[in-house]
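Below, each chain spelled out in residue letters.
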Amino acid sequence: MPTATAVMVGMGDIHVAKGDAAYNCLGLGSCIGLVLFDPTTQVSGMIHVMLPETFPGRPVDKVGKYADVGVPELVRQMTAIGAVSSRLLAAYAGGAQVFKFGAGVESKLDVGARNTIAVTEQIKKLGCKVLATDTGGNCGRTVSVTIGDGNVRVRTVNNGDKLLCNLRG
Amino acid sequence: MTGDNTQYGLLEMSAVREMANIGLGHATTALSNLTGRSFNMEIPKVETVCIEKVPDMVGNPEDVCVGIMMPIEGDVTGHIAFVFPWDSAQSIWRSLLGTCPETVGDIDELAASAMLEIGNILNSSFMNALSNMTDLKIHATPPVVSVDICYAVTTSVVAEAELNEVVALAIETRIFDMEDVETRGYFLCIPTVDGLDLMLRRLGVAEAA
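Here the protein sequences come in this chain order: A and B. If you're matching positions, the first sequence starts at 1 in the numbering used here and goes up one per residue. If you're matching positions, the second sequence starts at 1 in the numbering used here and goes up one per residue.
Source of the hints: derived by calculation from the structure; they are not laboratory data. A portion of the hints provided could be inaccurate.
What the hints assert, rightly or not - Computed footprint of chain B on chain A, listed as stretches where at least three residues anywhere in the stretch have a Cβ under 8 Å from a Cβ of chain B:
{"no.": "1", "segment": "20-28"}
{"no.": "2", "segment": "140-149"}
{"no.": "3", "segment": "159-167"}
All residues carry an ideal CB built from backbone N, CA and C; glycine is no exception.
Just chain A, same shape as in the assembly (with noise of 0.2 Å):
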């Protein structure tokens, strides 16, 4: 049974943890939260992407707010605490496109769609296992990871709470 308090993950943020662990990541719009777990050393970490990359010439305020950067360094984190990449599993959620009405929002709205883009390059780039993904769409998602059963929820404001994968599965 899970037991480990949540961690807020907000836009931005990395966490990482060794042993039981819980995670919530609010409300994503058009950011990602995704979520990386090494089995056998029960190493689990959380990051809230809200751009798909760094800009060039303006500085970099917070890694974890943009994919190129923030992704390699969840990870990076993960192995100071004894994670093995290769073995990580992942899922992500998110990268929604959440003002649906109005004229043309498809071609001038697209921070969500190139979100996943750069999320998806990341995860192929370090080799990881994806497990299931929950992505584009219109509605904003609220992710919740519970390490110690490994389920990873995910609930919106049309469909509810349901699960999107388990991590120990």
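Chain A is fixed; fit chain B onto it per the hints.
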């Protein structure tokens, strides 16, 4: 941008507040004309905040809200957005349409276009006021509307703003309905650094070093 607004001094911040006050005064008048209700015309509370704190200000992150966003174009660029809590949005719908969607799933084309229109009117009156004050070309582009959990809406606004430009700060204000205190709204103005500096120069406020 992270950190406090150290690049702007007290003088600059009070000019920003004054601009927001005047712009929002015009916007609330427009809202009153549209809905036939009187909104608080007193100087609204204006807070200039670090962009990353925006999602935390508007309310309970998992409450449903209605967000109307539009990019600003012209001499000054950036993003503006109005965010209404669900119950306030319902009360606005009732005064405009005589009825309102009971749940998020009930929002039809009429309800959505009513909110788009609210956005058009609020934002264009705000932009016109700013434009007149600074003698700069500032126009609002067609709005987009979202109905979702508060945190998802506001983080998406912030991501959109940061994706395109270096943003200066977010100006948050609250609007209250005089007859019905439950109707309230939050206004976010997120200008770019260049845009804000230009406006400040036009107002005769020296640019921060």
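Need the list of violated hint numbers for this structure, in ascending order.
As far as the earlier hints go, only 3 is violated by this structure.
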